[in-house]
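Single-letter residue listing:
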Amino acid sequence: MSESPPGARLSSAVARHAAAAGAVAASYLVRLAAEPVLGDRAPFLLFVLPVVFAILVSGRGPAVLAGLLSLVAGFSLLDPAERFAAGSLLEAVLFILVCGGIGWLDQRLATQRRLASQAARQLELLVEAASGYAIFMVDAQGFVTSWNRAAEEVLGWRRAQAIGQHCAIFLTGPDARRQAMEQLDRARREGRFSGEAWQKRADGSEFVANVSIAPIIGESGAALGFAKIVHDVTARRAEERALQRREEHLKSILATVPDAMVVIDERGIILSFSHAAERLFGYPEEAVAGRNVSLLMPSPDRERHDAYIERYLATGVPRIIGIGRIVTGLRADGSTFPMALSVGEAQAADQRLFTGFIQDLTERRDFEARLEQLESELIHVSRLNAMGTMASTLAHELNQPLTAIASYSEAAAFLLDRSEEPDTAMLRDVMGQIAEQSLRAGRIVRRLREFVSRGDLAKTIEDLPKVIEEASALALVGVREKGVATHFTYAPDATPVLIDRVQIQQVLINLMRNAVEAMEGMPARQLSVATALLDPMSVQVSIADTGCGIAPQVRDKLFEAFNSSKDSGMGLGLSICRTIVEAHGGRITALDREGGGTEFRFTLMRPQVDGDG
Amino acid sequence: MSPSPEPAAPRLLLVEDDDAVRRGLLLLLHSRGYDVRAYPSGVGLAMDPGALGCAILIADLMMPQANAIDLLAALRGASWMGRSILISGNLDAGWRARAIAAGYDAILPKPISESILVRTVEELLPMPPVGSPGREGGA
Chain A
1 MSESPPGARL SSAVARHAAA AGAVAASYLV RLAAEPVLGD RAPFLLFVLP
51 VVFAILVSGR GPAVLAGLLS LVAGFSLLDP AERFAAGSLL EAVLFILVCG
101 GIGWLDQRLA TQRRLASQAA RQLELLVEAA SGYAIFMVDA QGFVTSWNRA
151 AEEVLGWRRA QAIGQHCAIF LTGPDARRQA MEQLDRARRE GRFSGEAWQK
201 RADGSEFVAN VSIAPIIGES GAALGFAKIV HDVTARRAEE RALQRREEHL
251 KSILATVPDA MVVIDERGII LSFSHAAERL FGYPEEAVAG RNVSLLMPSP
301 DRERHDAYIE RYLATGVPRI IGIGRIVTGL RADGSTFPMA LSVGEAQAAD
351 QRLFTGFIQD LTERRDFEAR LEQLESELIH VSRLNAMGTM ASTLAHELNQ
401 PLTAIASYSE AAAFLLDRSE EPDTAMLRDV MGQIAEQSLR AGRIVRRLRE
451 FVSRGDLAKT IEDLPKVIEE ASALALVGVR EKGVATHFTY APDATPVLID
501 RVQIQQVLIN LMRNAVEAME GMPARQLSVA TALLDPMSVQ VSIADTGCGI
551 APQVRDKLFE AFNSSKDSGM GLGLSICRTI VEAHGGRITA LDREGGGTEF
601 RFTLMRPQVD GDG
Chain B
1 MSPSPEPAAP RLLLVEDDDA VRRGLLLLLH SRGYDVRAYP SGVGLAMDPG
51 ALGCAILIAD LMMPQANAID LLAALRGASW MGRSILISGN LDAGWRARAI
101 AAGYDAILPK PISESILVRT VEELLPMPPV GSPGREGGA
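Residue numbers (my numbering), protein chains in the order written: chain A, 1 to 613; chain B, 1 to 139.
Keep in mind that the hints were calculated from the coordinates and are not lab data. Here the structure is a predicted model, which means the values were calculated and not measured. The beta carbon of each residue, even a glycine, is placed where N, CA and C say it ideally should be. Treat the hints loosely; a few may be bogus.
To be verified - DEER-style ranges, computed between Cβ atoms:
id, chain 1, residue 1, chain 2, residue 2, range
1, B, Pro64, A, Thr489, 55 to 61 Å
2, A, Ile269, B, Pro109, 43 to 49 Å
3, A, Arg189, B, Leu125, 20 to 26 Å
4, A, Arg113, B, Leu125, 56 to 62 Å
What the hints assert, rightly or not - In silico negatives: residues of chain B with every beta carbon more than 10 Å from chain A:
id, residue
5, Ile69
6, Ser88
7, Leu91
8, Ile100
9, Ile107
10, Ile116
11, Glu123
12, Val130
All chains, full assembly: derive it from the sequences and hints.
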């Protein structure tokens, strides 16, 4: 009505009034026709009909017009003498009251209708405006009956295409129809269905959606249909997954960190206990999570740890946080061990966390002890070699023939002195004895060498780089601080070797220490150790320095005993080296390097394996 | 309110028949800020304006209906000029050569390293569109 132009509205109003008047006229005619039967009784009653007609169909104005006309018509029907009698007036008043009551009821109904339609309209607007939320209805069989604008965006179907489709087309997988009906069934049974699932758009592409279904129950209790709401949650799901990934990543890092890690809160309660911590302390995480961290430490720290935290929280003065120190840890089996502890502090969301990183020092101490043992072994060998072979045995053994030679020489001199014509036969015999004793001395020296050579060599197959590395760990202690650069080159085919590891390491240590000493005060300090395969039988090790080189006067006697250019030392080092190398069937040489410095080379035997070239 | 990323987010076209792989990659790439259109099959994509609006194609080589080589050819036939990444679990030299001839910009073996895929997408995005649709005519 409101959309009509003014002219049309006017003519429509005229028509409505005319219709009301017409209805009254029709009633008047009917009443006239009934006049013989009714007479003067109930002159207004029949006019209720046109008034009600006008109220329902034409509106308030025509209804008032119809009422007035009906009153006039009613009075006109009465006998003029009775027209204004009390009974007639009462009937007129009743007529007015009835018509007014009907009008009032209609007004109320109209208001209610308007409110209801307004609410329906608002709901419709709300559903339409719900951006991002596909809201649609399906009937009891699952066919789409309504479709909001967001559904067009979310699911990609136009309203016209979607209406009448089965809601299974939004689901993925081969049994989409069955799934769709199951969801509706559950909604019917449980009053609601809600879940996250992959959904399919009109173009076939997929997204994760939160789907909720509510049944629409009719008065009979049967489901007339279902309201479905589909909301795209791909972004949320992606974010959750990314978060979960990051968390897993972090966990995997923590699981592989070699240092044990323990996270506690401000009260000292263990929140997390890494794999390494489980191995180190002997507790599984679930056994210690939620317990006070003090159970990982012996007395007196055990009793004082809570106070340590309280003091830090109160004063802010760290004793260990960000500093690190060596403390004692307590394992599940009651044993204790030295550990390096460093603690970091973090503010996470709503709480302060402390993370302790723990390094087990037991193994490190073991390693140090092993190095010491190795060193003492070497010193022992060194002493044995030096004193035993070169001095003591040499002196004692050689004394015998030397004494004999001296005696025979004196005897020869005596024979010569005593007569002018010496007994040549006797003299020849003495000389023969002297020669024999000289040979004996020679044999002693040779036997001594053989003895030393055979020594008690415990030859084993060793990895050469490993042997060199162990030796250099000892020989080069503190060397980097002296500004010596070291360089190791290992030929991959120059290993393994058949050696007495301890003795060859003694050679290596001697040569490396000599090299370092030779470079003291030199501008360039570079120590290079290299291995190479010489031939199928042997491997060469070279130790080169950029030191002062070898003085010409000692060069010839370099590998002989008691020949030292050093202020301290007996000059046994290189002679022991040669003895050991030759005992291994190898050779040792020294060369001058171009541009200064010395290079020592020695050879070692490879283990001979059948079929190995 | 809208669940999809910013309108400016580059759109990727993901075609992979394996549900788990496709959905996993969709979520991965979505979490990196891309608007991803994921399809279980490449059939009909050359006629889909949504698919043709994508900047990069990520396609599995072997799919029951149309393989990735044919898919790229079909998209190029529809004047699509985006960049392309082939993913495959079993790529022999012959298929590799065909994929290169077809004009795939990158070929990634399965199982896919997620960081490598993301890096490849990041590298390809700023590249200019492929010259002319007929350039890769060898395929």
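Going through the hints against the structure:
One distance hint, 55 to 61 Å for the beta-carbon pair proline 64/B and threonine 489/A, holds here, with the actual separation near 57 Å. At about 47 Å, the CB distance of isoleucine 269/A to proline 109/B agrees with the hint of 43 to 49 Å. Take arginine 189/A and leucine 125/B: their Cβ atoms lie about 49 Å apart, and the range 20 to 26 Å is violated. A hinted range of 56 to 62 Å holds for the C-beta pair arginine 113/A and leucine 125/B, which are about 59 Å apart.
At roughly 20 Å, the least C-beta separation between isoleucine 69/B and chain A is larger than 10 Å, which holds for a residue marked as non-interface. Listed as outside the interface, serine 88/B is consistent with that label: its C-beta sits roughly 21 Å from the nearest C-beta of chain A, beyond the 10 Å cut-off. For leucine 91/B, the non-interface assignment is confirmed: its Cβ lies about 25 Å from the closest Cβ of chain A, beyond the 10 Å cut-off. Remark: the non-interface label on isoleucine 100/B is consistent with the geometry, its nearest Cβ contact in chain A lying 28 Å away (cut-off 10 Å).
The non-interface label for isoleucine 107/B is consistent with chain A: the shortest C-beta to C-beta separation is roughly 24 Å, beyond 10 Å. Its beta-carbon lying about 15 Å from the closest one in chain A, isoleucine 116/B satisfies the requirement of being farther than 10 Å from that chain. Chain A leaves glutamate 123/B outside its interface by the beta-carbon criterion, the shortest separation being 20 Å against a cut-off of 10 Å. Even its closest Cβ contact with chain A, about 23 Å, leaves valine 130/B beyond 10 Å, as expected for a residue assigned away from the interface.
In summary, the structure is inconsistent with hint 3 from the numbered list given earlier, while agreeing with all the others.
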